[in-house]
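Protein chains: 2
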Amino acid sequence: MTKAYQGYLIDLDGTMYQGNEPIPYASDFIQTLHHKQIPYVFVTNNSSKTQEDVAAKLRKLDIPAEPSQIVTTSLATASYIKANHGLSRCYVIGEEGLHKALREEGHTITETEDCDVVVIGIDRNITYEKLAKASIAVRNGATFISTNGDKSIPNERGLLPGNGSLTAVISICTGVDPVFIGKPEAVIMEEALEVLGLSKEKALMVGDNYATDIQAGIQAGIDTLMVFTGVTPFSDYKQLAVAPTHYVHNLKEWMEKL
Amino acid sequence: MTKAYQGYLIDLDGTMYQGNEPIPYASDFIQTLHHKQIPYVFVTNNSSKTQEDVAAKLRKLDIPAEPSQIVTTSLATASYIKANHGLSRCYVIGEEGLHKALREEGHTITETEDCDVVVIGIDRNITYEKLAKASIAVRNGATFISTNGDKSIPNERGLLPGNGSLTAVISICTGVDPVFIGKPEAVIMEEALEVLGLSKEKALMVGDNYATDIQAGIQAGIDTLMVFTGVTPFSDYKQLAVAPTHYVHNLKEWMEKL
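Respectively, the protein sequence lines represent chains U and B.
Using my numbering, you'd call the opening residue of the first sequence number 1 and step up by one each time.
Using my numbering, you'd call the opening residue of the second sequence number 1 and step up by one each time.
Quick caveat, the hints were computed from the structure, so don't treat them as lab data.
Because identical chains share one entry, a pair is satisfied inside a single copy or across any pair of copies.
In the BS3-like style, the derived pairs of lysine-lysine whose C-alpha atoms are separated by at most 30 Å in a straight line are: (1) K238 to K257; (2) K60 to K257; (3) K3 to K202; (4) K200 to K36.
Turn these sequences into a full structure, and let the hints steer you where they fit.
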């Protein structure tokens, strides 16, 4: 008999969709949660998109999702900075999702290196000048925060540089390592639990990527459900240092236990 | 009695000048070599400038220098690629000095990731698209070469990201480490010896930075003269793992031995 979880934290890429293609049973699974009124939020390391962007993409795939159910690393970053450093003057390298999240949390975005906090997320308009300002600010003592450490991001052209790779320019130049917010860090999970309004014992983290999704659950003390529809293949399962709490080959298997 | 060296390899920043300011006795020292007809070349990790640019800057400071006496990491990179991989199709991230050196060596510069070699040098016009193309090419098997691993470059604003920091984006994204050409690697020193036309036993490497200049001499089996006018202070001397062959507080002391 499987424990009845009172809320779900759910990964997107490789769990709900692959690029623009839906993952089989993802829609059915979320519709089941929705109909049974089991609370759920989506947890993503994507810092470039807003909550509205992500919810709209999910709804196109027949996955019920409201903007308030999307926990991006940008939101978790904005919230973490407020909780740990108060409302701050932030120098930001990043795209719209990150700028919007910081502004809406009440932070000020500066155009110069004169700031309290340097925040970096994926930025397809990165420039040397942005990296220079961020490096000067960090060396001058600004707090250094990175939305996530993903080394690469998949794209139809191949694996392109992820925010973890861009972040390295500043950490190598300055010798200062950032605080990372996204999966596998516990920070984003704690933010997601707060949105769900549940304590960690009552929630389940669902994801396909052992190194990020499942590790995030483990780091945060949340039970985990691994689904072999994305990055980590079933053939890796036996070699995992710490196993997930549960695993399924696809979400249909789990639906039957709800 | 000091060994009479038949040729000199000489660093620039911190040895000949600091930014735009001359280092005391640098001009007198080079004029002495010039009058005594002792061959010398300058060896620099700066990949952005051409030989003509560097020679012109030195002459403004009353330091006798011809373009042919300037060994930049760009020239060493172009020469290394030819010797080890033949004339190649190169995807290049870098500035004018690197593009010119590769073209003049006979290599082809591609605009796409369809290439044999990815070459990266400092590029103040870096874009995400350039980093993406380079990462795709390296993952597809292109040889990965970086002009130098300097983590930062000094500037009146502070320490800005150096080429070693930019290179990290590609190496972290792909998991492939590049071949570095500049100091402290021996590659650039071998290039400089070839320009001088001397075997390593007959030359002396002069520089202020233990981690780059002096290590480059040590790696290449060339005697070294450390001068305390730049990065490494005299107070560090006693803790050095491998001491330089000689040291002086300024180049006047060495001139007296010529």
